Structure formats: C-alpha cells, structure tokens
Amino acid sequence: MAKVFIYPATSLMLSDLVARFGHKPLGSAISVRDHIQTAGFESPPLQMTPDDPKKGLKYAAVEVPSGVRGRMSLYGPLIEDADAAIIVNDSDYAFGCMGCARTNELVKFLIKERKMPIIELLYPSTEEEGVTFVRSIRSFLDSLKDGSP
Amino acid sequence: MTVPVRIAQLSCGPEYSGVQNEINEAARMVDAEVFYPDIKLSELRRDFDSFGLDVRSPDLKLAIARAKALVDGRVNADAVFIASCFRCAEAAIVRNELRRFIHENSRLPVVSYSFTERTTAATLLTRMEALTTIARRRALLAREVQEGITMGVDSGSSTTKAIVMKDNVVVGTGWKPTTEVMKSAEDVITTALEEAGLHMEDLDAVGTTGYGRFLVGKKIGADLIQEELTVNSKGAVYLADCQHGPSTVLDIGGMDNKAISVQDGIPGTFTMGGICAGASGRFLEMTSKRLGVEITELGPLAMNGKWDKVAMNSYCIVFGTQSLVNALAAGSFREDVAAAACHSVAEQVFEQQLQEVDIKEPVIMVGGTSLITGLVHAMGELLQTNIVVPRYSQYIGAVGSALLASGFIKGE
Chain A
2 MAKVFIYPAT SLMLSDLVAR FGHKPLGSAI SVRDHIQTAG FESPPLQMTP DDPKKGLKYA
62 AVEVPSGVRG RMSLYGPLIE DADAAIIVND SDYAFGCMGC ARTNELVKFL IKERKMPIIE
122 LLYPSTEEEG VTFVRSIRSF LDSLKDGSP
Chain B
2 MTVPVRIAQL SCGPEYSGVQ NEINEAARMV DAEVFYPDIK LSELRRDFDS FGLDVRSPDL
62 KLAIARAKAL VDGRVNADAV FIASCFRCAE AAIVRNELRR FIHENSRLPV VSYSFTERTT
122 AATLLTRMEA LTTIARRRAL LAREVQEGIT MGVDSGSSTT KAIVMKDNVV VGTGWKPTTE
182 VMKSAEDVIT TALEEAGLHM EDLDAVGTTG YGRFLVGKKI GADLIQEELT VNSKGAVYLA
242 DCQHGPSTVL DIGGMDNKAI SVQDGIPGTF TMGGICAGAS GRFLEMTSKR LGVEITELGP
302 LAMNGKWDKV AMNSYCIVFG TQSLVNALAA GSFREDVAAA ACHSVAEQVF EQQLQEVDIK
362 EPVIMVGGTS LITGLVHAMG ELLQTNIVVP RYSQYIGAVG SALLASGFIK GE
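Those protein sequences? They're chains A and B, same order as listed. Each position in the first sequence, counted from 1, maps to that position plus 1 in our numbering. Each position in the second sequence, counted from 1, maps to that position plus 1 in our numbering.
If we strip away everything but chain B, and leave its shape as in the complex, we get (with noise of 0.2 Å):
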C-alpha cells in the first residue's frame, strides 16, 4: 500500500460553504489527505506581521502563517491546496500572493482555487491528482526521452488523438472529434497504428489523458492512466525543446482550460478551468460555424481582420454570441469578427486564468487551439510575447502520454 499523499490546505471558509467534504473526498479519490498545517498562535501573531500582506478576515491571517510553517520547513507536506471563496476578493489576492510565495520559495507543488458551495469532488479530481502526481512522480516526470515503442491517447471533450513513438520520433498519429468516447479512440488508436506500420501488439507501453482516460485506459489496458495537467506540461516542454528552465504552458482547451506555470518539466502553479464557454475553444469553434468557415480556416481570417473595428466580449457565451450576430448584422466585414472573437477569447483567458499564474517565457501554446493563428496572435499580443507552438502541438496530450509510458517499459 502507497503512502498517501499529504496535501497542506491553506483556506478560509470551505468549510462553512459546506464542501470540506468533497475536497477530501477528492483527495481520497487519488489516494491522498489533505490537512491543516498546526502552528501555534504565537507564530501565527509573529508570521503574519512578518509577511505582510494586512488583510483582515482571521482565516486569511491563519492561511498566511501556515504558508510561512511550510516554506519554513516548521509542518513537512508534499503539496499545498490553496482554497477560497469565489467572488471574494480579499481572499483572492491572499490566494494569489500564497500561490506565487510558496512557488518561490519552495519545491512544493501548489493549485489555487475559488470554491462555490456548488464544487464537486469530481470538479476537484484532476487538481488533486496533478497534485499527487507531481509529489510522487518526480522520477517518472523527470523523463526527457521516450524509448522503446508507445502509445499516447488523450480522451478529450472535444477531440480524441492517438500518438504512436519509436525511440523519441513520432511515427503515427490519429485525430478524430470525440463521439462515443471508446469508439472514438478505437478509431484514432487503428489510424495511429497503420500510419506507423504496427499491431498492438507491437507496443512497449500504452498511456491515456483527457477526460476519457480512465475509461479507455481500463479498456486497451494502459500501463499510464494520468491527468492531462501534468502530461501536457511533460509533452509541451518536451516538444519544444525547453526541458529545462522555466516555461509557461497553455491549453485553451474543448471545455476548459489550462495555464501551467513550469519549471524543468514539472508543473509548479497551474490553474484550470474557465468561467464560461465563451473563453474556450467552444466558442471559435461556434464563429466559425456562423461564419461559414472551417475552423481551419478561422485563424488565417482573423490574421486578416482587425479585432478592434468590432466590439466583442465573450466572458459569456451567450453576450458574445449576440455581439457576434450584431457585428456580422451591422455589415462588419468577416475577418474583423474572427479577429474580435480570437481576441476575447484570448482576453477572457488572460484576465480570469492568466492572473493565477507567473508567466515565464518561453510561453508554449498547445492543444487544437494552438492551430488556430488568430489566436495565438491575439495572446501574444496580450502577453507582449512570441508564442511558441511546437510540432504536433495538437496531440500534446497523446505525446505526453506516449513520452511518459516509456517509463514504464523499464519500471520508473
């Protein structure tokens, strides 16, 4: 029997929205427990007034003075649960500024959070397990070489892929739009395998991510069943090539998405999720369709337009969609709506996602999204930087996967 995990939680009031409950039971899913740093309140007097930071509320002092204990080595954990309630912004910038302290300060692997009293252990599941993979995988993470022969699949909500890898070259790959999730990526694992010449049978070890990933991993028998935060990070600083050092990573993903803050391939500070559909792929996905292109097609149009002609504002799906169907009403010309539509999206994206992470260049942009120019352009006009969109930036889940199953061939 393993170890658990032990998560340090630094919050103020999970309890009283009544979902205490379901961060342990999230963290009990991945075999972890999460508990309160014990300090005296002695140290809590002398910690606080020493970081700081002169907020009010009692809970975000306690928080604070046990960020202290555990960048000071006074209460040993493995990783750090940062949690507060949504819509407050006292506690939001304690979670930010706890977040960016232990970061620098620390080894410890830390995700933040802003809870309603609607979150769900499921809701909480993927941090939790990037959280436990970090802690106890650091070896397996550490792999910056896939060997042997492999297979990565990532279950998306949007899209399924497969990638098959033979000594470190890419030598399948299969993408299809997930349908029925097993059939999906038994269609994708096929097109993989012909394109490379191989059976099954062939492969050294099989990994799976993304939202199907326990299902199909039960199914084709994964030796690798693990959390897309992790895995995405892993394949993007392994394809483009920034292994060591410090690095962004970004997934503007289907259903939600992931800003990694990562250093020598190990995610350090991640946010995930999404206010709405409107800071998401969904809603490039639904602009294209209203303006007759492929979403192939969307970002060079866009590269084409200027977002600025257009007022646009996707922080809801559905107010964006009314700017969209005004815009194209009023006689705005197409590429100026998909430039407008990139740009709020990329927008939505740095100011509810981007504000929970240190951004650190290299940023790598991957995941379908990466594909679209128009995009891509719009956040690194937002950043003040060149993005980088690796080869295969669309499979990122499935190379990740495929590079990390390796390591299993020789028991890591």
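In isolation and in its complexed conformation, chain A is listed as follows (with noise of 0.2 Å):
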C-alpha cells in the first residue's frame, strides 16, 4: 500500500478512489482532522492558530503571505510523506478546490521536487474524458506496489 497525496487536496472523489484500489490518499481530510478543537461534530473543523503558519515556514519563507504559511503547514508534511502523487489540474469547484493560487502552485512544485511517481491529468469536461481519466488513475495506482511504482 502507497501513500498517495492528492491534488487538490480537498477532493473526496480523488481519495475515495485512491482508497478503493488499495492504498492510503494523504489529503486535506488527514491534516484538518489534527485541528479538530470545536465543540461538535458539526462545527466548522478548522481551527488552526498563528502558530500554524510558523510552522510553514519550512515550506516558504517569512516574506510569504500567512495565508500560504498555514496552508503549507497542512499540506508541506503530508507531500513529505507521500510515496506518490496525483495531481488534477483545471477541476471543478464541486470535484475538489484549494483557495490559494500560490499555495497551490508552490504544493505542484514540491511534489514534483519529491521525484516521486507522479500521474497529472486535466479535468474531463466529457463523459469519455471522463471515463478515460478514471482509467488512467486506476492504472497508475495499480502500479503502485508496496509504496514504490
């Protein structure tokens, strides 16, 4: 079983697919879930502190917005760990979104400097695209074996 981060992060549909055929997506859910501090299930789950986008600073130096820092403190240990990746570019809001631009371009960045297996696809706009694509994913995580492709 691989670690398999995915882009965007927030996309259930990308790790529910990952789950199904075997292995373990990292992505936002993961990280949140650590921040968890409200009163009910139901309360908004993100309860991050100034401290988080210290914590960033591994990933993007002090002249970098806040906003980019605390995201990077979710993400940056999740890329770190990860044995792959995949990566949707140009999605749909509903399949999946990350609210930084910059964050965003600096999480592709990393996770191409891991020099990991890594399969980066663009959204389907049809239905056969759309089959195609699901496709591909499939066959990139079955060559995924025991974390290495």
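It should be emphasised that the hints constitute simulated quantities derived from the structure, not laboratory data. The structure displayed is predicted, hence computed values, not measured ones. Possibly wrong hints are sitting among the right ones.
[As the list claims (entries may be wrong)] Only pairs whose alpha carbons sit at most 25 Å apart, straight line, appear in this in silico DMTMM-like list of lysine to aspartate or glutamate:
| id | chain 1 | residue 1 | chain 2 | residue 2 |
| --- | --- | --- | --- | --- |
| 1 | A | LYS56 | B | GLU91 |
| 2 | A | LYS56 | B | GLU348 |
| 3 | B | LYS310 | B | GLU352 |
| 4 | A | LYS109 | B | ASP55 |
| 5 | A | LYS109 | B | GLU91 |
| 6 | A | LYS59 | A | GLU114 |
| 7 | B | LYS290 | B | GLU348 |
| 8 | A | LYS109 | A | ASP52 |
| 9 | B | LYS167 | B | GLU187 |
| 10 | A | LYS56 | A | GLU81 |
| 11 | B | LYS307 | B | GLU336 |
| 12 | B | LYS361 | B | ASP79 |
| 13 | A | LYS55 | B | ASP55 |
| 14 | A | LYS55 | B | GLU91 |
| 15 | B | LYS177 | B | ASP224 |
| 16 | A | LYS59 | A | GLU81 |
| 17 | B | LYS41 | A | ASP91 |
| 18 | A | LYS59 | B | GLU91 |
| 19 | B | LYS41 | A | GLU114 |
Since each chain sits alone in its own frame, please combine them into the complex, following the hints.
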C-alpha cells in the first residue's frame, strides 16, 4: 500500500478512488482532522492558530503571505510523507478546490521536487474523457506496489 | 439587548493564518457578528465571470461572488469586512476593487484589512467599532449642529485634547501631551472649562474618543465613548463646513494614520494604520528635535526648503533617521531637510494608505500634524489639490465628540 498525495487535497472523489484501489490517500481530511478543537462534530473543523503559519516557514519564507504558510503547514508534511501523487489540474469547484493559487503553485512544485511517481491529469469535460480519466488513475494506482511503481 | 450588527466577511486566508478567531473576537467586543455570505455554486460561477476580474485564487473568486450577492441585495448585511493576507498582490487587487465596487454600488460601510498571523483582536477593534457605529448609529451621525453645553475629550497616543461647546460655538479648549492618561485628561478638561467659564455640572453631555476613550469615558461618566474614525470624520466635515456630499478626511497621527472617504458626513470606506512610525507624525517630531526647532516651527521651515535636494525615504523610521543624519552631516540646509521629511511622510501615507480609499475633494486634513504647513503642502502636491485645514483642526476628535454628544441630550 502506497501513501498517495492528492491534488486538489480536498477532493473526496480522488480520496475515495485512492482508497478503493488499495492505497492510503493523503489529503486535507487528514491534516484538518488534527485540528478539530471545536465543541461539536458539525462545527467548522478548521481551528488553526497563529503558530501554524510559523510551522509553514519550513516550506515558505517569512516574506510569503501568512495564508500560504498556514496552508503549507497542513500540506507540506503530507507531501513529505507521500510515496506518490495524483495531480488534477483545472478541476471543477465541486470536484475539490484549494483556495489560494499561490499555495497551489507551491504544492505542485514541491510534489514534483520529490521525484516520486506522479500522474498529472486535466479535469475531464466530457463523459468519454471521464472514463479515460478514471482508467488512467486506476492504472497508475495499480502500478504502485508497496509504495513504489 | 441590542441586535448584533451583522458584518459580512469577504476574505482569503484568515483561517489558515490562524486569525479568524481574532476577527470574530473583535466583532464580538462591539456586539457584532461576522458571517460569510451564503451563495450557491452556480452563483459563484456566474457572478465571478460577470465581475470581470480574472484572478486565479478560488477563495478570491468566492469573495468576488459574495460581494456581488451583497450589492444585489441577495444577502443582507449591515457592514462589510474585506480581509486578505499582507503581501499578497493578487488579493490586494481584489480587496481594492471590491471595496470600490461595494462603496459605489451600495450604502454598506466597508473596511479592508491585510493581516499577518500576528494580527490581534485589539488591532481590529477600532475598525470593527467604526463599522458597527456607522451601521447602528446613522441617526446620531446625521447630527449637523451642536446644541446645549457639551464637552469632547480626545485621549490620543501623543496628545490629549478637550473642547467645550455651547450652542454650536467652541467656548473652551485644552491641549497637552499625553503622559498619564487620566491625569492628562483631567488637566485638559480643567483648562477647557476654565476658558469657557463653566464647571463640570454645567455640561449637558460629554463624549470621549481616542486610545484612552474607555478609561477616560468611564471615569468622567461620558454619555458617548466612540472610536476616532467616525468621530473625526464628523468633526472634520462639521468644521470644514462640508457636511453634504463627498469628502476625504486625512489624519496623520502620532501613532497611526487615518484616511476616510466620507459621504454626507458618514464614513464609507476607511483605512487605519501605517507600516512604520516613519509614515506618521512621530517622524516629524523626531526631525524637529534633530533640527533643534519646535514642532510648530518645522512647517514654516519646510516651506522655505526644497525637498528634492535631500534624498530621504522614511518607509522605515530607522532608515529615515539615517537619511536625516546623513543629509545634515553632508551639509544640507535645514530647510531642505525639513521639506524632505515632510515630503517623505506625505509620500508614505500616499503610497501606503491613500491607495485604499477613493480620494474625493475636498480633502480635509485634521489632527495635530495638519498644523505643520510643510506637510499639508507636500500632501497637496502629491494629491494635486488644495487641502482644507479647518480652524480647530488639531482638536478634531474633541470637536467631533462634543458635537455627537449633544445628540444624547435629546436621546438620539
């Protein structure tokens, strides 16, 4: 089983695909889960503190906006921990969406710097493309054996 | 119990910067609540596209669509708070355009702010207080004439001022540098009352503003304790006799600066702050000390100098001081150095703050620094306009407080 970072990290569909084909998805559900400090389960789950952007300094310098560093404190450790990654570009909001374009650029760059197996796809716009899209991801995931392709 | 003022938040990044709780807390302190305008995904696509600003960050697209929903009246709010990360150019463009869009197309008061992870509720308090005042006290802010006998006290970071007014006329003034907050307030109150020939018990109502407003207001039993953004706007248009139509109020203070876009005496958009004391009256105070002149002499001195003969950039007060010392050591004339210091402060305010409000004439300069003629001249050159400095401009907060306090005589 490989640990697969998904981009967009919020995509439930990608997370489900990775889990269904026998691997562990690394997405924001994992990093955000560590931050639940609210009263109830239905309360907003993201409770970050000013310390989080400071943790993000490991991935981006102090001159980088705090929102980018805060986000990197969530995604950076997951990228470090990943064995492989799936990147879906130009996806629909409903598929999964990460709010800051600058963070997204940095996330994709750091994924590529890891030199791990990556599949990079465009979000499908037709049913036919959708079938090819899922098939490509499945065959990529099948190729990952014990954390290596 | 009053109904909380509902402040719509349009933002990118505060949750991830760990400051959302600070924003919520600042709103709670002034009996307001912050909420995110609820829109549908289909509205997001449609409204972002129709706005026409093609940014890439999805959270900024969301902010744009939410602004459209507010302006169209699909979501009800009393005020708008626009916030994004400090140093994000993309967000700065959106912040600026949304502020302008909302200001031009609705009556909602707007404040925009760029935060870092160090932003605290205390930093945001005055802005939130101003937003809620505009939303909650429109009737009070509509007051154009001072009635009865009232007093206003402005407990500022550098100086404390008091004004006594009777039947729309200033009859007593008090001014002194702020040392102990309460002691300074008591002293200026005594001076102002003596000058007016009145006693505390003669006053019909009292208002306080400035950094020490809560402490002073509580001690003297003020009827009105109000932040300086709304009070100064009101005082400025009252003194400059521009109570109707648009105007811009500029107050370069000792600790921070305020730039307020005003319509009919009510602030529409405003900015408050400053990157460094190099863009405040503090730098001019330091310059006058270094030049060996009283602060009151700095303005006339600067008017006789040429600012472009001395290289000075007070973006940072330390660098500004270095320029000052170097220029004097190189034999520059004191007049030119004074002019350069005034120009540099005006330039910092122009670049850092005035870009965030719509400058509409007349531009009214108030506060102690408005008496530094060199600074007013430099600002007028940068803005290409004749700046209005009304009488009693250095007492602006106190005048505004005295004016608004008279609303409490009749229970407004």
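A quick look at each hint next to the structure:
1. A:LYS56 <-> B:GLU91: holds, 23 Å
2. A:LYS56 <-> B:GLU348: violated, 36 Å
3. B:LYS310 <-> B:GLU352: Holds. LYS310 (chain B) to GLU352 (chain B) sits at ~21 Å (cutoff 25 Å).
4. A:LYS109 <-> B:ASP55: holds, 21 Å
5. A:LYS109 <-> B:GLU91: The hint holds at about 19 Å.
6. A:LYS59 <-> A:GLU114: holds, 15 Å
7. B:LYS290 <-> B:GLU348: holds, 21 Å
8. A:LYS109 <-> A:ASP52: holds, 24 Å
9. B:LYS167 <-> B:GLU187: holds, 20 Å
10. A:LYS56 <-> A:GLU81: holds, 14 Å
11. B:LYS307 <-> B:GLU336: holds, 7 Å
12. B:LYS361 <-> B:ASP79: Roughly 24 Å separates the two Cα atoms, so the pair holds.
13. A:LYS55 <-> B:ASP55: violated, 30 Å
14. A:LYS55 <-> B:GLU91: Status holds; Cα separation ~22 Å.
15. B:LYS177 <-> B:ASP224: holds, 23 Å
16. A:LYS59 <-> A:GLU81: Holds - the C-alpha atoms of GLU81 (chain A) and LYS59 (chain A) are around 12 Å apart, at most 25 Å.
17. B:LYS41 <-> A:ASP91: The hint holds at about 20 Å.
18. A:LYS59 <-> B:GLU91: Given pair LYS59 (chain A), GLU91 (chain B) holds - Cα atoms ~23 Å apart, limit 25 Å.
19. B:LYS41 <-> A:GLU114: violated, 37 Å
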